[in-house]
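Residue-level listing of the chains:
Number of protein chains: 2
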Amino acid sequence: MENSEIIELLSNYVPISDHLAQLITKYSQIKSIKKGALIVREGQITKECFFILKGCMKKYYLLDGEEKITKFFTEGETITPSSYTDQEPSKYYISTIEDTIVSYGDPDSEDEIYKDHPELESLTRKLGEIFMVKRDKEFDIRVNLSPEERYLHLQENRPDLMQRIPQYDIANYLGIRPESLSRIRKRLNK
Amino acid sequence: MENSEIIELLSNYVPISDHLAQLITKYSQIKSIKKGALIVREGQITKECFFILKGCMKKYYLLDGEEKITKFFTEGETITPSSYTDQEPSKYYISTIEDTIVSYGDPDSEDEIYKDHPELESLTRKLGEIFMVKRDKEFDIRVNLSPEERYLHLQENRPDLMQRIPQYDIANYLGIRPESLSRIRKRLNK
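The listed protein sequences correspond, in order, to chains A and B.
The first sequence begins at 1 in the working numbering and counts up by one.
The second sequence begins at 1 in the working numbering and counts up by one.
Chain A extracted, bound-state conformation (with noise of 0.2 Å):
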């Protein structure tokens, strides 16, 4: 099942030929992740990079002891912790808010079979660009957009979120005060 759908999710960034199908299928190494665990710890050098198949992360700082959540992680997004490439201890945590079933690697592995397979590589590179212009939007809308806009932008391009992640967490990432949310969704809801 895990194959099939990693197949799928990648479909949808970039075509996927039946040779590169077989290869990711060798590949992939897969893992089930149970709801709440801690995949990044603040001061951990985190050397595994995901790709989620199924379930649901968020990565946030404790800042004064407080959560603060600066992104979500579903289906298909590529999680690179900053110590998989700068090998400084992490400032963050990454935690799963639901039973998570992902694809993981490592650099020193990854270097290996992207040796014997430049398809792969390419593929990652590919998909490198494709989340780098996602990230650049994300950053975009934060900056542009007021608090109210970027409730109704998250509502409109990511409803599966709304569904998902508690109410107080979708506040904290978009930087609104639990009561200022629940004041906005009634006001829009007349």
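Source of the hints: derived by calculation from the structure; they are not laboratory data.
If you're wondering where the values come from, they're calculated on a predicted model, not measured in any experiment.
Please note that a few of the clues may not be correct.
Subject to a maximum C-alpha distance of 25 Å in a straight line, what follows is the list of computed SDA-like cross-link-like pairs (lysine to any residue) [claimed, not checked]:
(1) A:K47 with B:S17
(2) B:K47 with A:L10
(3) A:K134 with B:D64
Cβ pair distances, simulated, as ranges [what the hints assert, rightly or not]:
(4) A:S109 with B:P178: 47 to 57 Å
(5) A:N157 with B:K26: 23 to 33 Å
(6) B:P107 with A:E67: 33 to 43 Å
(7) A:S109 with B:K35: 26 to 36 Å
(8) B:G36 with A:K26: 45 to 55 Å
(9) A:K35 with B:G36: 49 to 59 Å
(10) B:N3 with A:K26: 35 to 45 Å
(11) A:P178 with B:D106: 40 to 50 Å
(12) B:E149 with A:K26: 40 to 50 Å
Where a beta carbon is used, it is the ideal one built from N, C-alpha and C, also for glycine.
Starting from the known structure of chain A, arrange chain B on it as the hints suggest.
Same frame as chain A, but now just chain B:
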């Protein structure tokens, strides 16, 4: 001059072997762009991406006729316009704010080169991961810090930007009114 420059800039991120340096030199297309030129326009589909060898660009939106800057790009940074990956008209502008020298490419010719030289695609893949992590950090800084803290962070981490970019553009980028930025600077100088 430009070819040694590009190797030096890339070496800041990943080790560049002599063989790789030769390939980069062979395939780099380099051009100069005058200060004040528009590289990407709203509504345009751009298939060119850039690596800055010298100079500075800004990315901005026109919102109700007002310029809103969301990013500066300087030496060693890549510019992947959104329409490079999603083929949709750009929602923003990118312009040079200094005379600029770039290495540039487009997806079709890059795919050709990568087919013959997987080492070059490997380099691009690694750079993509590094820039992705940098983008994530920029997002989190934006979300987690107050305007004054953002100003201090920029001053500490990018003193070069403070020198080369007009004060009102810095204020615009930080999301601070120019008068407020002057007040913050005065308070901090005391």
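Exercise. Which hint numbers doesn't this structure obey?
Worked result: 5 and 7
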